[in-house]
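Take a look at the letters that make up each chain.
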Amino acid sequence: MTSFNAHLATLRAHFKIIFTYRGMMLIQAVRLLLLPLVLAAAWLSIQKTAENPYSDADYLLYYLLVPVILNLTDSRLVFRFPMAVRDGSLSRELLKPFPPLSGYALESIANNLIQLIYLLPFTLLAGYAISDRLQLGHLNLQLLLYMLLAIVLGGLVRMLISGSISLVGFWLEDVTTLNLILNGGIWALLGGMIVPVATFPQHIRCIAEMLPYRYMLSFPIEIVTGRLSQAQILQGFAVTIFWSLLFALIMRLIWKRGLKVYAAYGG
Amino acid sequence: MTQTINEVAIVTRQLSRSFSIRQKSEGLAASLRNFFSPVYKTVNAVCDLEMSIGRGEIIGFLGPNGAGKTTTLKMLSGLLVPSGGSIEVLGFTPFNRDHDFLKSISLVMGQKQNLWWDLPPVETFEIHRRIYGLSDEQYRTRIDELVEMLEISDCLETQTRKLSLGQRMRCELAVSLLHQPSILFLDEPTIGLDILMQKKIRSFLLDYHRRFKPTILLTSHYMDDVAALAQRVIVINYGRKIFDGRLRDLTDRMRPEKIMTVIINNGEFPCQLRDGCRLIHQEGQLYRFLVRREVVGELAACLYNTGQIADLTIEDAPLEEIIGQLFTDNGAAAASAPAKTP
Ligand SMILES: Nc1ncnc2c1ncn2[C@@H]1O[C@H](COP(=O)(O)OP(=O)(O)OP(=O)(O)O)[C@@H](O)[C@H]1O
Ligand SMILES: [Mg+2]
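Line by line, the protein sequences are chains L and Z.
Whatever position you read off the first sequence (first residue = 1), add 1 for the working numbering.
Whatever position you read off the second sequence (first residue = 1), add 76 for the working numbering.
Everything labelled a hint here was simulated from the structure, so no lab data went into it.
Hints may be right or wrong, so weigh each one.
[To be verified] For lysine-lysine, the following DSS-like pairs were computed, each having C-alpha atoms within a straight-line distance of at most 25 Å: (1) Z:Lys276 x Z:Lys289; (2) Z:Lys100 x L:Lys261; (3) L:Lys97 x Z:Lys289; (4) Z:Lys117 x L:Lys261; (5) L:Lys261 x Z:Lys179; (6) Z:Lys179 x L:Lys97; (7) L:Lys257 x Z:Lys179; (8) L:Lys17 x Z:Lys238; (9) Z:Lys275 x Z:Lys117; (10) Z:Lys179 x Z:Lys238; (11) Z:Lys275 x Z:Lys289.
[Claimed, not checked] Simulated coverage check for chain L against chain Z, where a stretch passes if three residues somewhere in it have a Cβ under 8 Å from a Cβ of chain Z: (12) 9–18; (13) 85–95.
All figures in this text were calculated on a predicted structure; none of them were measured in a lab.
Built from N, CA and C at the ideal position, the CB exists for glycine as well.
One chain only, chain Z, in its complex shape (with noise of 0.2 Å):
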């Protein structure tokens, strides 16, 4: 995918932000003395970051607890100045919080709501069609969408606090798409809610950007929400980037295998294993085997041939356990690594 630099909707060049968190001491003498000359300690939340997004990507932007994910966020939306490096967001410096920057933005952040606590969602949405200065015509259009794709209808007018998890996260949703921003943050917008609620902000957000492509930039630590969203995921550990490019391409070269499970008919089974092939679990008739992507096809030709098998399936090992293994050391050295050419 090439690019031309107008197309280019975000970029970071060696982005960094540290924090300075004041150490608590043990015991009075030491609490004393800490208070007269603090000793603070330097904690890199976000580390010489680069990346570059193009206009209407959708990114999963991954990394464990405390990997920098936020931060970041918060940096290319204004909220935080870096401490080293530079960001241009659709060509703006986002911490200069110019009006036009803010106008097209929105960022989501899974506990943070926008929503007036002591309001019903549609008197936010009013203020908000304010402070965005829609029409009347822009604003009825944006909410019948938004209503009807996020199914709200019946909590509009309910105060806010009244309001479920999986209602209230929708009404965040809606509030912060009513301007139609060009680019979105979303920072775990699926947490804490049920399996089925996932799916349908996944298939919302899937629909939305469908219809508007605005650059959705998404961190979650459910992969089937990357899974589902990403065409493109940049994974952080320490806040320095250890992946950039395809989810396939990740779990390709992080997890070469993939796993077979066979259900044969009866007796001993039935082909002759080679090289590539591992049987990791037996229990009865059914064999599971770590196999080689390239001797998969063989292996199941072979099974297939012998007509001995009520089942079988192949799938990829689970999202969880290769990013899981990315943040290991090792694993971080094979992403990072040039890919295998098979």
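Next up, chain L with everything else stripped away, as it sits in the complex (with noise of 0.2 Å):
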């Protein structure tokens, strides 16, 4: 009870930080939507061969959420984490009978809920201007529901993947490059940022649905088009369940052996 208000102590205290930098999130917001969009555009425009299962409706409601599930499972440990071991400032949540990660992660949460004031108008917008292209006569509260676990599990399995990563920073300084290789890069295609998972070739398709990085943006989207049956949702949150859990443990052990090499700078 105590580390749960604690948790939503300091929720609310990013939130209030975060919006005295409003600034930043408007720009945050702009890149987000851009590639998507540039995206959307290409796909309608080339000639879709016969074993793709996507027709225009599906693409346009594919990338017009994925702006706003990409900055709902986003996390910034990678970023924040290295910079705490750098200045020190990791020493202060050391100090604290509060885990020292939950900090750096609800900061990031607390950002990606506040980005989608910008990004949640905009999906609604642009979603009524296309709407008599998309097809939503499937969708019910309980795809609705699978869709939100999904997010969440696919936001925590990103955290733990970066925060893995992240942890590194304890002996490298930075380690946007090394989670750009082992991360970004394959997460890109792999979790459907450019072509849908569900359009990948049968082969690719069967490694990315093993992979964790479709949970993390292209699966939650699959349950909205409605072409995912339950057994199959079952499946991905299996999956997605089984990589957090592997996640958490090398995370853990990641983060025994970096506080030996701590140097608490500063002081």
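Reconstruct the complex from the two isolated chains, following the hints.
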């Protein structure tokens, strides 16, 4: 209970701070919206092959939702944590009876939630503008709940993976390059940012479905398109949970070793 | 002062910490070689430090820049893992960072802020109240007390980054004390503050200690802080302990002389100088002597009897000087030698 209240208070504090830096959010929103817009336009303009299961309506819905999901599962740990090691501000977190990484995770979550203020109006507006080209007849409450759960789990697994990479910051001054190699690049491809996973060739899709990346972006949207069976959805949850547990374990191991090399700079 | 085991708050045995620092090299060829097979140098920041601190004691932890004070405090508070030896703080091993251990300590570093930079201090208080699980009543009474003692009622609602250093430092102290830690590590709490503010912080700490009796381990380069607060001092240099005891004993041992300044009415100096008195300064009617403690009384009495003195002061050599002397090699030998009995 104490811990829950402390987390809540920390989250609230981050909300307040982010509101004082509103300008940044707008720039970030534009960045998030730009790429999917371009991609959607590109996919609509090329000829589709026979085995491609996605119709124009599917593509539109997909890229309409990409910015929102992308944002909701975003994690800033890779930037935030190595910085805290470098400037020694991790020390003050370590001194409190509060899990040190929670603060950084909550900062990230607060940021993602507030970003919705910019993203949702745009998404709704754009959705309204192209509403005659979207197909939403199949949507029901159950699908939406599945989607929500998928977003939460996707955010969790992304947080844990980028968290594991960020902890390498105990040894390296900067982990963004490492993140780009291990996480970012593969993620953009296999997560469905550029090409929806459902339209991958069969064998690549099989691989993508076993890796964690799909679950950070594509999976929640695939649920909304209504093209996944109940079994496929549940299987997706299982895969996400498996990766989450694995990376939680990895993170724990790195954390224990990292603390021993932590130099607590400053003072 | 004898103590039973359960009154001991902090014990270290052969506590050591070394850092390996990568050597920089000059020139491209050497840099390249260094890149592929780096050369490391080991710095022994703390060496075989033995200390035992009782509950409720205030210890002045002294040493020149780079002596290893901050490194020791970081190990005692669980931030750094020791490279050798052991520590027990309230029965806990600090580096394990047990929940209950963290709840009973506080580390205040001069420049490190616990306060959230972008929020007013009162918001940080609220967060800490939840992190430390304080009840509404506890929170209210403690905040009221601290705000009153530190005189910070008008800073509470101002964004932290807009506060002056002195205001921030006092709010910083308030945050660190909100959970009423039983051990308080203070690393240069008065650094950069003006004399008046230093005094305020000192008298606050004294007052706070009188009320709540926390164990305090304090480092400071301002000897006034140490003289006002510390009952006992531990002095380290190059990571090794060179003195542990009462400040009084340290000054007696290092400086067995007093400084006596006399202004006489007119004429020649009226008293015969004997062994143990040395004139170090004269300007007109003002004479300044270095006088061994045991002859101070005699000289003063003689002067008094002549009826010639306009003014007479007797004082210790400045603490700064005594401590400074300690950090020379001769000084260190003198401090660790057994005390001369007069
Ligand atoms: N993280 C670190 N990495 C490498 N060397 C370090 C590190 N921290 C401290 N040192 C070295 O250890 C020695 C002791 O440093 P420390 O900060 O404990 O001194 P200090 O007594 O607090 O000095 P000051 O009075 O200047 O604050 C110094 O030589 C310092 O350079
Ligand atoms: Mg220091």
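Hint-by-hint comparison with the structure:
1. Of the pairs offered as hints, the one joining Z:Lys276 and Z:Lys289 holds, with about 19 Å between alpha carbons and a cut-off of 25 Å not exceeded.
2. The suggested pairing of Z:Lys100 with L:Lys261 holds, with an alpha-carbon distance near 24 Å, which does not exceed 25 Å.
3. Proposed proximity of L:Lys97 and Z:Lys289 is supported: the alpha carbons are some 21 Å apart, at most 25 Å.
4. Restraint check: the Cα-Cα separation between Z:Lys117 and L:Lys261 comes to about 19 Å, which is no more than 25 Å; the hinted pair holds.
5. This hinted pair checks out: L:Lys261 and Z:Lys179 have alpha carbons roughly 21 Å apart, not beyond 25 Å.
6. Taking the CA atoms of Z:Lys179 and L:Lys97, the gap is near 7 Å; set against the 25 Å cutoff, the hint holds.
7. As the CA atoms of L:Lys257 and Z:Lys179 are separated by approximately 21 Å, the hinted pair is consistent with the 25 Å bound.
8. In summary, the hint linking L:Lys17 to Z:Lys238 is supported, as the alpha carbons are separated by about 17 Å, within the 25 Å threshold.
9. With a C-alpha separation of about 41 Å, the suggested pair Z:Lys275 and Z:Lys117 falls outside the 25 Å cut-off, and the hint is violated.
10. At most 25 Å may separate the alpha-carbon atoms for a hinted pair to count; Z:Lys179 and Z:Lys238 exceed this at roughly 29 Å.
11. Between Z:Lys275 and Z:Lys289 the alpha-carbon distance is near 20 Å, which keeps this suggested pair within the 25 Å criterion.
12. For a cut-off of 8 Å, the count of residues in the region 9–18 of chain L with a CB near a CB of chain Z stands at 6, and the three-residue condition holds.
13. Taking a C-beta to C-beta cut-off of 8 Å, the region 85–95 of chain L contributes 5 residues in contact with chain Z, enough for the three needed, and the coverage statement holds.
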